[in-house]
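Engineer: The primary structure of each chain is shown beneath.
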Amino acid sequence: MNAHSRDNEALHSSTAATAEEAIARQEALPPLTNEEATNVAMQNTLLTPRFYTTDFDEMDAIDVTPVRAEWDVLIAQMKADPNKGHFKKNEDWDTVDWDGMEPKLKAEFIDFLISSCTAEFSGCVLYKEMKRRGSNEDITTLFQLMARDEARHAGFINDALREAGIAVNLGFLTQAKKYTYFRPKFIYYATYLSEKIGYARYITIYRHLEQHPEMRFHPIFKWFKEWCNDEFSHGEAFALLLKTDPKLTTSFANKLWIKFFLTAVFSTMWVRDHQRPAFHEALGVDPKWYAQEVFRKTSDISCQVFPMMLDIDHPRWVKNLNRMEAANVAIAKGRKAGGVGGWLTRMGGSARAALAFASLLTIPAISSEVPDNPRMEPVY
Amino acid sequence: MGLVFRETETAPCTVTVSHRFEELSAHVRFDNGAVVYPGDTVQVQGPEIMAPYGELVEEKRLATITRASRLERMWTRATGDFEFMELCEFSFSEEVMS
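Protein chains in written order, with the working numbering: chain A, 1 to 380; chain B, 1001 to 1098.
So here's chain A without its partners, still in its complex pose (with noise of 0.2 Å):
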């Protein structure tokens, strides 16, 4: 007996209404027994979320009056929780062959699901100190009602981790962990551009899987859907909160940075996705394609509050992705190497990486109207 067939067994917890019954259903399952145990010999992943702090003062300064009418109507649709019973396994989640599937894949796919995971912590981890720090009732709501999401989330992807025989490990927190510093307005660009960028990933893995549905490889894609809207709902609150005070997207520093956490984002994905060439191929999709669908997806979106879109049809914008993504590879290359020729790889990677990195940036942005209400559905 492996981890994925205990978990097959019909009393699973995911499927209890409880936690009290979740808990109860562990408990009643058989011991593991030492050998057991080390068939199952679960891989342990040690989670390495960062911890950040801000100015408390100036976010609990924030008011809502100005987008008071659309904030109610969000924070009602959340505290309604209509996804609630949505992150639960039920008949549609298939048993998975993870031993028959390609260990290439399954390398990558595990990577997946872990930094997936790490993601959702962490945007937990960050939201919650936000509610404990802040004062003002519609923040710390807010900032409430994301975290609840993001550890349900988490929750679920750890779940499929442990199918797979991966124990996530909390033991963090008796390490020491260095507090960072996030400048209140970097918060709202940067969660509300990942919110709606995760939007945008998982949505169009989801349409194109539900056009291919031999592609799809683990029972986990299903559940894209209603994930997404989620991350579409915070991005939202985020959109609402930008709007509070007009200065933030419309003077002419904030423009550069709001360019700049564009760039940045975007040029991450392209790199990131090219280092799981397997999960795409099975997937059967082109990581160029995807990413510029997402790309396409995430500008659309983004003009309800940003000035500007980037110019990914621009001569310029592929072909210093891929400069980005070959300077990637050789720094990864370095690193392995080490010594001295490894390191004098590594800095040519990086000189070659900022190189392409300024390039990408200086292609003129495409400016936008932004709309007054900017409300918005998710429709694609």
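One or more hints might be untrue.
Listing some non-contacts, in silico: residues in chain B with all C-beta distances to chain A over 12 Å [unchecked claim]: (1) G1002; (2) L1003; (3) E1007; (4) E1009; (5) N1032.
Distance condition first, Cα-Cα at most 20 Å in a straight line; then the derived DMTMM-like pairs of lysine to aspartate or glutamate [as the list claims (entries may be wrong)]: (6) K131(A) - D1031(B); (7) K84(A) - E1059(B); (8) K177(A) - E1048(B); (9) K84(A) - E1023(B); (10) K178(A) - D1081(B); (11) K88(A) - E1023(B); (12) K104(A) - D286(A); (13) K178(A) - E1048(B); (14) K259(A) - D1081(B); (15) K131(A) - D57(A); (16) K177(A) - E1007(B); (17) K177(A) - D1031(B); (18) K106(A) - D94(A); (19) K88(A) - E1055(B); (20) K131(A) - E1023(B); (21) K177(A) - E1059(B); (22) K1060(B) - D1031(B); (23) K88(A) - E1022(B); (24) K255(A) - D1081(B).
Residues from chain A that keep clear of chain B, each with C-beta distances beyond 12 Å, as calculated [to be verified]: (25) L74; (26) E120; (27) F217; (28) T345; (29) E377.
To be clear, the hints were calculated from the coordinates, so they are not data collected in a lab.
Since the structure is predicted, the reported quantities are computational estimates derived from the model, not experimental observations.
All C-beta atoms, glycine included, are put in the ideal place defined by N, C-alpha and C.
For this one, chain A is given, so just place chain B on it according to the hints.
Structural biologist: For chain B alone, coordinates are given in the frame of chain A:
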């Protein structure tokens, strides 16, 4: 707070670790109202707190807060923003790079 030297203090705290299907999370709350500033380091004392799968564990512990020096605090304020990529699902994780 020194310009270049760090100072250390101890604060009682409550650690909550949820390792459940419906919620995966871990948080530290200082019970004496201690506040963490940019660049400070926090370490919860004692052995690792491990919540078995399906459980929520809450423990009272002591935490060591190492206060950043004034220079470190300024540095963290100036540069911390660039770690934002962590929030994206496609950010780099050390584990996979190795």
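Engineer: To test your reading of the hints: which numbers does this structure violate?
Structural biologist: Failing hints, ascending: 7 and 26.
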